[in-house]
Each structure stands twice: as structure tokens, then as C-alpha cells.
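Under my numbering, the first residue of the sequence shown carries the number 188, and numbering increases by one thereafter.
Misleading hints may appear alongside valid ones.
Simulated restraints on C-beta separations [as the list claims (entries may be wrong)]:
{"no.": "1", "residue 1": "E446", "residue 2": "Y323", "range": "22 to 32 angstroms"}
{"no.": "2", "residue 1": "K610", "residue 2": "S548", "range": "20 to 30 angstroms"}
{"no.": "3", "residue 1": "E286", "residue 2": "E597", "range": "19 to 29 angstroms"}
{"no.": "4", "residue 1": "L349", "residue 2": "F422", "range": "25 to 35 angstroms"}
{"no.": "5", "residue 1": "E446", "residue 2": "D310", "range": "31 to 41 angstroms"}
{"no.": "6", "residue 1": "V264", "residue 2": "E286", "range": "30 to 40 angstroms"}
{"no.": "7", "residue 1": "E597", "residue 2": "K338", "range": "56 to 66 angstroms"}
{"no.": "8", "residue 1": "E197", "residue 2": "Q430", "range": "29 to 39 angstroms"}
{"no.": "9", "residue 1": "N328", "residue 2": "H569", "range": "40 to 50 angstroms"}
{"no.": "10", "residue 1": "H284", "residue 2": "L624", "range": "49 to 59 angstroms"}
As a list, the in silico SDA-like pairs of lysine to any residue whose alpha-carbon atoms are at most 20 angstroms apart [said to hold, decoys possible]:
{"no.": "11", "residue 1": "K599", "residue 2": "L575"}
{"no.": "12", "residue 1": "K554", "residue 2": "K466"}
{"no.": "13", "residue 1": "K363", "residue 2": "D416"}
{"no.": "14", "residue 1": "K266", "residue 2": "K325"}
{"no.": "15", "residue 1": "K266", "residue 2": "S386"}
{"no.": "16", "residue 1": "K520", "residue 2": "I533"}
{"no.": "17", "residue 1": "K278", "residue 2": "T355"}
{"no.": "18", "residue 1": "K520", "residue 2": "K466"}
{"no.": "19", "residue 1": "K524", "residue 2": "H492"}
{"no.": "20", "residue 1": "K619", "residue 2": "D645"}
{"no.": "21", "residue 1": "K615", "residue 2": "L360"}
{"no.": "22", "residue 1": "K395", "residue 2": "E286"}
{"no.": "23", "residue 1": "K363", "residue 2": "Q314"}
{"no.": "24", "residue 1": "K648", "residue 2": "K395"}
{"no.": "25", "residue 1": "K454", "residue 2": "F441"}
{"no.": "26", "residue 1": "K466", "residue 2": "V479"}
{"no.": "27", "residue 1": "K402", "residue 2": "D416"}
{"no.": "28", "residue 1": "K461", "residue 2": "C501"}
{"no.": "29", "residue 1": "K282", "residue 2": "K454"}
{"no.": "30", "residue 1": "K615", "residue 2": "K648"}
{"no.": "31", "residue 1": "K395", "residue 2": "K363"}
{"no.": "32", "residue 1": "K619", "residue 2": "G587"}
{"no.": "33", "residue 1": "K454", "residue 2": "E432"}
{"no.": "34", "residue 1": "K474", "residue 2": "E394"}
{"no.": "35", "residue 1": "K528", "residue 2": "K631"}
{"no.": "36", "residue 1": "K529", "residue 2": "T567"}
{"no.": "37", "residue 1": "K325", "residue 2": "K307"}
{"no.": "38", "residue 1": "K631", "residue 2": "L578"}
{"no.": "39", "residue 1": "K285", "residue 2": "P417"}
Don't read these hints as lab results, they were simulated from the structure.
By construction, the Cβ of each residue, glycine as well, lies at the ideal position given by its N, Cα and C atoms.
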Amino acid sequence: MLLPQTKEREYRFKLALRMGLPIFGLILALVSHTLVENYDTLKPSFYIESILLLLVGIYFIFYLIYSGFDVKITDDVSKTFSREYLLKYLKKELKSHKEYTLILVTVDNLSDINALYGIKNGDKILQKVVNWIVEYLKSQNIENFPMGHLKGGDFIIGLKGLKSEYSTVLELLCLKSGELKIDDIEVKISGALIDTLYSNELNYMIEKMFEIQEKNREFKNRENEENIDPSELEFLVINAIKQREVSIMTQSVFSQEKEIFKECFVKLKATNGKRLFPKTYIKVINKLGLGVEYDTMIIEEVLRHSFKDKETACAVHIFPTSLRNEKFLSRVKDLLKDTNKKLIFILNEQEYYSYTTRYNSIIHSLKQYGAEFAIDRVGTIHTSFLYLRELDIDYIRFDGYYSDENRLLEHKNIVEGFELMAKEKGVKSWMKNIESLELLALSKEIGIECIQGKYLSDLEKNYES
């Protein structure tokens, strides 16, 4: 048992004892008085009843205290519903109402506020943001709605009806928040909403809201994106992996006008004949813990089908967590041992893996079989810089954000800085999505060694199961 749990039990026991002592005292006083006044006329049943009364009193006090701690309705910080109660409440609401909307509202810069102004001020901001949201919704004639604190700066609001009724309300709320300042602290708010037309499963709705919110933050318009029922999507992904239903396309990567390797692009084939893109199924794979199974299948299919020219290497995206899995590592070594084909593993990891000594030993063990390694999204996520510094990799690939002539010009110093670091470590640089002569010329001017894009080579259909 953890120390907080032990302390919680101690606190509950002491509280129960403090509440119970006056009641036990009254019971004992009553029994004692009755014994003194009516000792000669008391029946034996009185003693049994007294003992039962005392036992029931003890049980009632302890039950009341312990069950009271198990049910917590309000969040201590924001004074909205606690997460546990909110989820129970919303599940009941979704069962009771066929048309129901959830709104996600997030204080985006909460971590910055906590770091700059302290956690107490961060908590105060959450309270005041909640009050501000409530007042705004009241001005829109929306009252008595459930609102709960999910985590961090994330709040969820439940409203009866479909999202078409509330889209404008959310848009105006986010617009009005652009000028929101609390105690001279700037507060940034974003939001997303979804309704039961997408799904009536609460977990799926919450996950989709976070996905929508992230896409909104990246200014990508996905209004025409086809929505697939979450449970159906899970079935399609699992079935595609088990049946090895994949489509593999490749695109050449050049260095000094010469093709040096190809990058593989994988789609899963659904039973309905449609293609599932990575942006659709990767999250499902992570959720279901199928990363190792998926990566193993992809490597096997790539080695089996994607080498018309046996001397050309293929670059394949894999989950870094798969690379650190002993079962996956053993299988990949067996596959590479039995072939003279060369693979380049492209890694992209949001969270930094601090055991870099072990990471490097894994990389070295696969390099013995001719494998190479590339770190993706350099210049955007912090792990790419740390891995360039600490891992024995072969390539760094700049994030697609820089595959725009104006952005590349604006951030030329950043790209040149990474390029210099890479050269000092003997690592080759790689730029993707080259789609114009101007961007190609600028990339060469900076010194990018590996170049890829539609301007140089189109995608080629390689294999389809």
C-alpha cells in the first residue's frame, strides 16, 4: 500500500473516531442512567438491545465516513464536477438523450502560467476561466449544464441537442477569449465540439474532440474528412493487420541527382475496399497496443515486395517503442539475416527516451545487419534535437513545416544550424516535399544532402495485397 493510501486510512479512522465518540458517549450515558434508575426492573433483552445499538452506531459512523470519501462530486481546484463524477453523469445523459453535444474547452497556456506565475495562480486562473465561461453561456441563455474538469486545463461541457445549435456559440467564445486577461495574465483558450451523430460512446467522443482540437490548432481544415464509427474503425484495423491487407507505395530520395533509396508509404486496406491512411489508423494501433504486430507485418511485407532493385534501400516508418521491444528486435534481426536487402528505419517520438545507452546498443545491433536510422520531424519537436545529439543515427529529416519556400527562407538559420550539427556528427540531412524548382535550389544552397518530393519523383505503386 502506498504512503498516501496509508495516510488516507489514518485520516478517515481519526475522523470517524472524533465523530463517533460523542454518539458513543451519549449511548453509554443513556444505558448507564437506565441501569442506575431501573436496575431491578430491567429485562435481559435490554442488555442485548444496548449491545446491538452500540454495534450499529459504530458500523453507521464508519460506513458514513468511508462511503463519503468515495463519492466526490466537485473538483477542489475549479469547483466544477470532478472527472469521475462527470464521466458517470455524462454516460447517463447520453443514455437519456439521443441528441447530445459535448464541448471541450482548454486553457492552452496553463503550463506556461504555472511555470511563470506559480501553481497557485494557475489554480486561480482555472477558477476564473470557469466563471467566465459560465457567465458567457448565461448570456447565450444556456444555464444549468454539467461542466467538469477532465485534466490539466481541459474542461468538458454537456448540452442537450446537436452541435449545429452550439457551433456559433463555441466560435464566439474562442474569439472573445482572444482578449481575455485575468489579473494581467494572458489566457489562451481553444475548443472543440462533437455530438451523438458521431458516436454515443463517451470515450470515443472525448478522444475525437481532442483530435479535432489538435487539428484546429494546426490550422488544418478537415471539414470534409470522412468520419468512421470508432468501433468499426478498430475492427477494420485489426482485420487488416491480421489478414496483411496493405498497399505500399514508394518515392525516390535523391542525392546529387542520383537515387539513393526509396521511402515506403503504407496504407491499410479495409474490408469495404477503402484505404485507411496512417493519420486515421495510427492512433487506433497505439490505443490497442498493436504497434509491434503492425511494425513486424509491415517490415515483412516491405522486404517481400518492395525491392524490384535489390541494391536500393527502403526507408520505413516504425514505432520507436517497437524498436525497444525484444520480440520485435529478434524478429527483425532474423529477417535481415536472411536477406541482403537494406532497410532505413524512420523514427518519430514525441516523448524523450532517456536510456540512450540502451537505445544506442539496439541501433548498433541492427547496424550489424546493414540497417540505418533516420530521425524525423527535426526542427519541430524537441526530441529530434536530443536524439541527433545523443544517438548514433545516419539521417535527420526536417519537418514538413520547412518544405515551403517562404518558411524555409524565414527559418534558414535554424535549418542551417541543424545541418551544421549533422555534418559534424557525420549524419546526412534530408528534406521532403520538394515541389518547386525554387525550393529545390534553396535546399541545395543550404546544403541539404538528401532531397525528396513530387518535383523530383512521383509516388509509385509498389505492392497491393
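State the violated hints by number, sorted upward, taking the hints as numbered earlier in the document.
-> Going through the list in order, the structure violates hints 1, 3, 5, 7, 8, 12, 13, 15, 17, 18, 21, 24, 25, 28, 29, 30, 31, 35, 36, 37 and 38 and respects the others.
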